[in-house]
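Visitor: Each protein sequence line maps, in turn, to chains A and B.
Here the first sequence is numbered in the numbering used here, starting from 1 and rising by one per residue.
Here the second sequence is numbered in the numbering used here, starting from 1001 and rising by one per residue.
The set of hints was computed from the structure by calculation and includes no laboratory data.
Since we're looking at a predicted model, the values are computed, not measured.
Misleading hints may appear alongside valid ones.
[What the hints assert, rightly or not] Taking lysine-lysine pairs in the DSS-like style, the calculated list, with each CA pair at most 25 Å apart, reads: (1) A/K85 / A/K59; (2) A/K379 / B/K1251; (3) A/K157 / A/K210; (4) A/K59 / B/K1356; (5) B/K1356 / B/K1007; (6) A/K85 / A/K210.
[Claimed, not checked] Just the calculated beta-carbon pair ranges, DEER-fashion: (7) A/M100 / B/I1217: 48 to 56 Å; (8) B/V1349 / A/G387: 30 to 38 Å; (9) A/T333 / B/P1106: 37 to 45 Å.
Cβ coordinates follow ideal geometry from the N, Cα and C atoms, glycine included.
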Amino acid sequence: MAQTRAGTQAAAPPVVRLEGIAKRFPGVVANDDVHLEVVSGEIHAIVGENGAGKSTLMKILYGMQRPDEGTIEVEGREVHFRSPKEAITAGIGMVHQHFMLAGNLTVLENVVLGLEPRRGPNLDRATARNRIQELSKTQGAAVDPDRLVEALSVGEKQRVEIIKVLYRGARILILDEPTGVLVPQEVEELFEHLRELRAEGVTIIFISHKLHEVLEIADRITVLRGGHTVTTVDQGEVSARQLAELMVGSELPTPGTRESTVTDREGLVVEDVELRDEDGRHLLRAISLVIREGEILGIAGVEGNGQQELVDVILGLREPSAGRVRLADEDVTTTGTRQRRGAGLGYIPEDRQLRGLLLPFPLWENAMLGHQDRPPFSKGLWLDRGGAHARTEEIIEGFDVRTPGPDVMAHALSGGNQQKLIVGRELTASPRVLLAAHPTRGIDVGAQAAVWEQIRDARAAGMAILLISADLEELIGLSDTLWVMFRGALVAELDPAEVTPEVLGSYMTGAAQERGA
Amino acid sequence: MNKQASKVLLSVAAPTVAVGFALLLSSAVLLLIGESPVAAYGAMFRFAARVDSAISIVNRSVPLYLSALAVAFGFKMGLFNIGVEGQYRLAALVAAWVGGVVTGLPAPLHVALIIFTAMAVGAGWAGIAGTLKVTRGVHEVISTIMLNFIGTGLGAYLLAAYFREPPAPGDLVIKTPDIPPSGQLPSLNPVLEALGVDVPGGSDLQSFLILAVLAGIVFYLLIWRTRFGYDLRVSGVSATAAAASGVNPKKMILTTMLLSGATAGLVGMPMLLGFFHRYTIDFPIMLGFTGIAVALLGRNHPVGIAFAALLFGFLDRASQILDFEAIPKEIVTIVQGIIILSVVVAYEVTHRIIQKRQAEEVAAELEGATETEEVAG
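Model the full structure from these sequences, guided by the hints.
Guide: Okay, structure coming up:
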């Protein structure tokens, strides 16, 4: 379709042109006067920190949100999408960060869902299968259309998402943070795949905040900062450092290493912990680890390899099938979560909305979550509203939570500020042991540096910290000891001073194996 | 202050709009059947304004208030106790029997024993549903509904086989022995008269009203001011966050069911202690189900529930005049139904408005803050 329009404009007419896009939300970073031109058949990256407005911009292009100002042109024609359906009709498809697949259906069924070819009242599987194979044969590793989606790896699921979008006739593909869930090897496969699609004339808009990936795959890069377009550059024009500075607008923080504060006092001890599901399959196998006071023990691993289960066992939310958990000298294997938390166990949860916050509650009631049975939040059986308010003010002040005050409901804060409140809540309570799962997920670079500094201070003050993260640089930069978790076991201990993300990645996928001591 | 005022205004607006909408729709129905809404509502209000009606409205709303409190206990932690109906009826039966057979106790103790028995039976009956949920994962909506039927059957059996007073010859009423005067509550009429109200004969303002007010205060303090209440509310908002914060979900479910059931046990007490003094097979029913509607309308808050209970008490009482005006009093049932439906919608709408407003406020204040920062920098 796009090809027939050639000739009306100069050499490479933009297939997508966004002019002066503005979108305002209450309390959220929005778009303001954003300009974007994407040329047909290119891979165009959009980079920016969390909250720079990348996702909003793409939601506008995909018809999920309508801009307050500005115009959108697709293939030279001004469009006003009212829904993703209209964007799809115009040839725009989006692969979301979180997969939208039905695990109990096959690949084929997932792909055709909503657009089923029919033979009489039935699904015409033959036609669908042909079409899917046609779409996927050019793409290196094809996915078997008859496999159940729940049995696929993360990389394969992503491929299904892409096929799903292509099946709907998309010629412009938006990928929202596609590498966030992938390990380095899978990222390579994805990039291969994207290059093939480009060769077929598909235009790709690639949203990311990972600079080395962007520099590797993109033809052109548009940088967003604080809702504005900073600039658009060609690949090869900039270095990663320059790109980062464009993104941040100032110099780049790193989770640098410092001298060791590790003591010889044991803070958290996990001994031979096993966890099995109802079918007797291992979720955790033979986990043993010791975190000393003043030590940060990092755990790397692709999500879903037992990290969550390990946290649950340490917190007392799940009972291990075997093994023991100790907090300092106290065996807590059979004690409840409340006693463990009272004994000095802090927790920054991986999913703040699920486990860390009460969205319809005011901040002061959120600040006491997990600490409600102790001063300053309660006196005996009664809540201490005054004490809770004072502590909340302290957290807001000390951790730079941007809010008008402690009586605001948690849902009114941006994600980054919610996270800062949780980090502040846990650190202010100065626990003996801290479980920090993805402590800087979803917060901007400035706040990230602050959280790193606070975790480091807590370590210097003698806290024993278990750090689980998907950000390999964060893990390498903060950890004193670094383990890789794979299929429920700790498979390798690596030296954070020497390891590279690539080496980590090979252990995380199970490609390399070394049974640590 | 201004913000606070507008927040209160907004939360009052929702039920007001809902009630207004319900009256409007009911007017349409009245017009359809050829009656004048003005005449109907006029008759209702004139009738309700009489002193005996006012007393009757309060008396009717007290059990509804307690029933709604029982439901609200569950709602606050996300549990749906649909079994208040069975709980209060069984509780009233056993309490009536205990009160009737026990003699020789001083008055306050006798009354306390009856009330305690009712709360224990209500808690025990609700506790079955709680135990089933905790140990076997049976959803409380299913179990409490089924327990309503079982409770009705069990109550009928107990009354007929064990609790029935040996009937006098020719007496066909199936009832428990009468509670002696030491187990009865006096009326509040002397207080009203002292206040200069001329109480018509046959009208008694039941003194359980005071205990209901106390129950409301206890409910408020427990839910909003104690650690236990915090745990309960946290569990209602996010079971996962509650567990991570150290709440034992099983214990919380069981405790809440017991509390809800104990409160349900109080529902029959105003009538039993203040009026009937015995349990008969025609003891008032449906208060448990109406309580769900009242709790919903009152937003699970003791003050809101009080207004909702009074409104339902008013509709109940005022509807009686409609028969005299040859207007079908079922119109009131329609009003109640529409109130519930529209209040659900109205609450969701105001909830969104409030949320949006708060987010805007935060944004506005932060914008102001950044500007000052920039000026300073």
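Visitor: Against this structure, judge whether each hint is valid.
Guide: A quick look at each hint next to the structure:
1. A/K85 / A/K59: The hint holds at about 12 Å.
2. A/K379 / B/K1251: 22 Å, holds
3. A/K157 / A/K210: With Cα atoms ~21 Å apart, A/K157 and A/K210 stay inside 25 Å; holds.
4. A/K59 / B/K1356: At roughly 20 Å apart (the allowed maximum being 25 Å), B/K1356 and A/K59 satisfy the hint.
5. B/K1356 / B/K1007: Distance of about 13 Å is within 25 Å: holds.
6. A/K85 / A/K210: Measuring from Cα to Cα gives roughly 30 Å; hence the hint is violated.
7. A/M100 / B/I1217: 48 to 56 Å: Since A/M100 and B/I1217 have Cβ atoms about 49 Å apart, the given range 48 to 56 Å holds.
8. B/V1349 / A/G387: 30 to 38 Å: 36 Å, holds
9. A/T333 / B/P1106: 37 to 45 Å: Because 53 Å falls outside the window, the suggested range is violated.
The structure is inconsistent with the numbered hints 6, 9, although it conforms to all the rest.
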